[in-house]
Amino acid sequence: MSSVSRLVSSVCKKIIKPYSPTPISLRCHKLSYLDQMVGGIYLPLALFYPKLSNTWSNKPNNVVSQHLEKSLSKVLTNYYPFAGKLNDNISIDCNDSGVEFFITKIDCPMSEIFNHPYFEKHNLVYPTEVINNPCTYEGSLAVFQLTHFSCGGIAISMCLSHKVGDGYTFGNFMNHWATIARNPLSSEIYPISPKFDGSFYFPPTKDEDSSNVSNNNIVPQREECVSKGFSISSSKLTALKARVINESKVQNPSDTEVVSAFLYQRAMATKKLVNSSSIRPSLLHQAVNLRPPLPKHTMGNIGCLFSILTKEEKEMDLAQVVSKLRKEKEEVKQKYKNAKIEELLPITLEQYRKANDLLVNNSCYDLYRFSSLITFPSYDVDFGWGKPEKVISPLSTSNPPIKNMFILMADKNRDGVDLTCSMKKQDMLAFERDEELLQFASPTS
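Residues in the sequence shown are numbered consecutively from 11, following our numbering.
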């Protein structure tokens, strides 16, 4: 047993089932083609709450757990595929078998988790089997853990199967659950009523071909890497945007564009130093949400990829990278703008093929993957005892992490950016010491 795992003093497991049975008409949830392309990985997220407010501070731990369990049961009625069983790569049997809910105690204060130099201790707040086996886990399609710290704080972690949905689905599930928990006796309606109708827009392949549907860009190989967190404050983000505006024709750069371009630029620059050579040709892959043009209530995997290629050092200029990102994104939007429903799948597959061809034809290039959750109000998730002190979405802390993966989230004040990076250890050592990076980004772990 490692010194880290010895901090866990107890583990209790429960099965939470939907509050109301799933109607017969919804029992068979067909996977869309994009669902079929995604590997069976789990998307993890953890919310950390300091010592609970006066209303909750004197209540025993089991009351907090029951509060979460009851509201989880209710929200699963709306997100019923998570409580079902995957049927090969074809469908989900929405049989209400339930989700796993773990309750643990950790013999250390919450601050000890935050102050760890890398993310090893962060994994303590996730269900062990899921975080250690994110691609092969055979339990429920959603797994949860409530962690009690010695300081009185708690963490709520969620691991949701990517087969059921993307980050947008995750964000809506999380906020819907909190809304129900916060108002257990109210008839308040969550603004987005989920519909799992992705197969209508992206029809699945034939049953006999479903096992052959895959994409290396969505199911990346894992390597021995380390993960670390950084934050970019509001003032530093404003300064980066000003630089882009002054040096390019992009007059309204988004947080995602500017931060992605900056991290990509610094990662390439520090990789050059590690290898004591000229710039290594590199690819940036960015995930894009397709809501709109698709309805906001459509859950599942509703997105595509676009890529930019950087071959020469003169192309590393921040403003130039942002301009490339904007150009590619606008071209993608234009393709979907007036597309008919039957054209959505061919357009999306063409985007994936384009990204995949760039990688296959340039296999010696470095690939950097970016996923942005900046628009999701993660810090508004209030289960009844206030908003979280910290939210961590470590898509790269699974074991082992994904190399050159960057996750962007809005910070607690919603005007800066928190980010998680994973790289090979030697690359991270150079990256985290990069003077230009540290002028704008501060280590958070």
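Please note that the accuracy of each hint is not assured.
Here are the simulated EDC-like cross-link-like pairs (lysine to aspartate or glutamate), alpha carbons at most 20 Å apart as the crow flies [said to hold, decoys possible]:
hint: 1; residue 1: Lys238; residue 2: Glu442
hint: 2; residue 1: Lys413; residue 2: Glu399
hint: 3; residue 1: Lys364; residue 2: Glu340
hint: 4; residue 1: Lys306; residue 2: Glu353
hint: 5; residue 1: Lys238; residue 2: Glu122
hint: 6; residue 1: Lys334; residue 2: Glu352
Computed spacing ranges between beta-carbons, pair by pair [unchecked claim]:
hint: 7; residue 1: Ser30; residue 2: Pro291; range: 50 to 56 Å
hint: 8; residue 1: Thr138; residue 2: Glu323; range: 40 to 46 Å
hint: 9; residue 1: Gln261; residue 2: Lys422; range: 27 to 33 Å
hint: 10; residue 1: Pro33; residue 2: Glu340; range: 48 to 54 Å
These are computed hints drawn from the structure, not numbers from a lab. Don't be surprised by glycine CBs; every beta carbon is placed ideally from N, CA and C.
Taking the hints in turn, this is what the structure says about them:
1. Simply put, Lys238 and Glu442 have alpha-carbon atoms about 9 Å apart, close enough for the 20 Å limit, and the pair holds.
2. This hinted pair does not check out: Lys413 and Glu399 have alpha carbons roughly 28 Å apart, beyond 20 Å.
3. The straight-line distance between the Cα atoms of Lys364 and Glu340 is roughly 16 Å, inside the 20 Å bound, and the hint therefore holds.
4. For a cut-off of 20 Å, the pair hint linking Lys306 to Glu353 stands: about 19 Å separates their Cα positions.
5. Only pairs whose Cα atoms come within 20 Å are accepted, and Lys238 paired with Glu122 is accepted, the gap being roughly 15 Å.
6. The suggested pairing of Lys334 with Glu352 is violated, with an alpha-carbon distance near 29 Å, which exceeds 20 Å.
7. Between Ser30 and Pro291 the C-beta distance comes to about 54 Å, which sits within the given range of 50 to 56 Å.
8. Taken as a hint, the range 40 to 46 Å holds for the pair Thr138 and Glu323, whose Cβ atoms sit roughly 44 Å apart.
9. In this structure, Gln261 and Lys422 meet the distance hint of 27 to 33 Å, their C-beta atoms being roughly 28 Å apart.
10. One distance hint, 48 to 54 Å for the beta-carbon pair Pro33 and Glu340, is violated here, with the actual separation near 42 Å.
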